[in-house]
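Taking the hints into account, I'd like the entire structure generated from these sequences.
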Amino acid sequence: MKKLHFEAIDPNRFPCLSISVKAAKQGGGSPAVLNGANEEVVYAFSNEEIRFVDIAKTLASVMRKLDETLQQTATDFADEIPNFLLNIKSLEDAVQADQWGREQARKVLDIGRKVR
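Here my numbering is used: the first residue of the sequence shown is 286, the next is one more, and so on.
Keep in mind that the hints are not guaranteed to be accurate.
In silico lysine to any residue, SDA-like type, Cα no more than 20 Å apart, as pairs [claimed, not checked]: (1) Lys342 / Ser331; (2) Lys310 / Pro296; (3) Lys342 / Asp295; (4) Lys350 / Ala309.
Computed spacing ranges between beta-carbons, pair by pair [what the hints assert, rightly or not]: (5) Asp364 / Ser303: 29 to 35 Å; (6) His290 / Lys374: 38 to 44 Å; (7) Lys287 / Phe330: 34 to 40 Å; (8) Val327 / Arg349: 15 to 21 Å; (9) Glu333 / Lys392: 17 to 23 Å; (10) Ile366 / Val327: 24 to 30 Å; (11) Asp364 / Pro300: 29 to 35 Å; (12) Lys310 / Glu388: 22 to 28 Å; (13) Asp352 / Lys287: 41 to 47 Å.
The hints are simulated quantities; they were obtained by calculation from the structure and are not laboratory data.
Even for Gly, the Cβ is constructed at its ideal location relative to N, Cα and C.
Set out below in structure tokens:
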């Protein structure tokens, strides 16, 4: 192999990549929330509960909900935001953020499944 050629990624073709990059840049609990949501949507897809195209749509919806929740920091409701969404300081925080993402994904998908 003499030369590799990379092309720009089309965000319309690969929407999950854009969502992942945004979560990584946002930091705090965002990556863990995205991971939890992703686990739920992939599980739902593998059990034929949703279509492939619903994966990115659901992840985007969960991350919008996270953004809305985090924007409350500038309002009177800042005390209601769980600390694990703002800053991961422990394994417990990461697990809670992951579970929050799973719960939000189940709400979007309207799946009453218990946490696995």
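Problem - Pair hint Lys342 and Ser331, alpha-carbon separation not exceeding 20 Å - result: holds (16 Å)
Practice task
Determine whether the Cβ-Cβ distance between Asp364 and Pro300 falls within the hinted range of 29 to 35 Å.
Solution key: holds (34 Å)
Handout entry: Range hint 29 to 35 Å (beta carbons of Asp364 and Ser303) holds or violated
Key = Hint holds: Cβ distance 32 Å, inside 29 to 35 Å.
Problem - Range hint 17 to 23 Å (beta carbons of Glu333 and Lys392) holds or violated - result: Since the Cβ atoms of Glu333 and Lys392 sit about 20 Å apart, the hinted range of 17 to 23 Å holds.
Exercise for the section: Could you check the hint for me, namely that Lys287 and Phe330 are 34 to 40 Å apart, CB to CB? Expected result: Because 39 Å falls inside the window, the suggested range holds.
Exercise for the section: Could you tell me whether the CB distance from Ile366 to Val327 stays inside 24 to 30 Å? Expected result: 27 Å Cβ-Cβ, so the 24 to 30 Å window holds.
Handout entry: Hinted pair Lys350 and Ala309, Cα distance within 20 Å
Key = This hinted pair holds, its Cα atoms lying about 16 Å apart.
Exercise for the section: Compare the distance between the alpha carbons of Lys310 and Pro296 with 20 Å, and conclude whether the hinted pair is satisfied. Expected result: holds (16 Å)
Practice task
Measure nothing beyond the straight line between the CA atoms of Lys342 and Asp295; if it is 20 Å or shorter, mark the hint as holding.
Solution key: Judged against 20 Å, a Cα distance of about 16 Å means the pair holds.
Practice task
For the range 15 to 21 Å, tell me whether the beta carbons of Val327 and Arg349 fit it or not.
Solution key: Hint holds: Cβ distance 19 Å, inside 15 to 21 Å.
Problem - Range hint compliance [Cβ, Lys310 to Glu388, 22 to 28 Å] - result: Holds - the Cβ-Cβ distance for Lys310 and Glu388, about 23 Å, lies within 22 to 28 Å.
Problem - Beta-carbon spacing of His290 to Lys374 - inside the hinted bounds 38 to 44 Å or not - result: Since His290 and Lys374 have Cβ atoms about 43 Å apart, the given range 38 to 44 Å holds.
The structure fails none of the hints (numbered hints given earlier).
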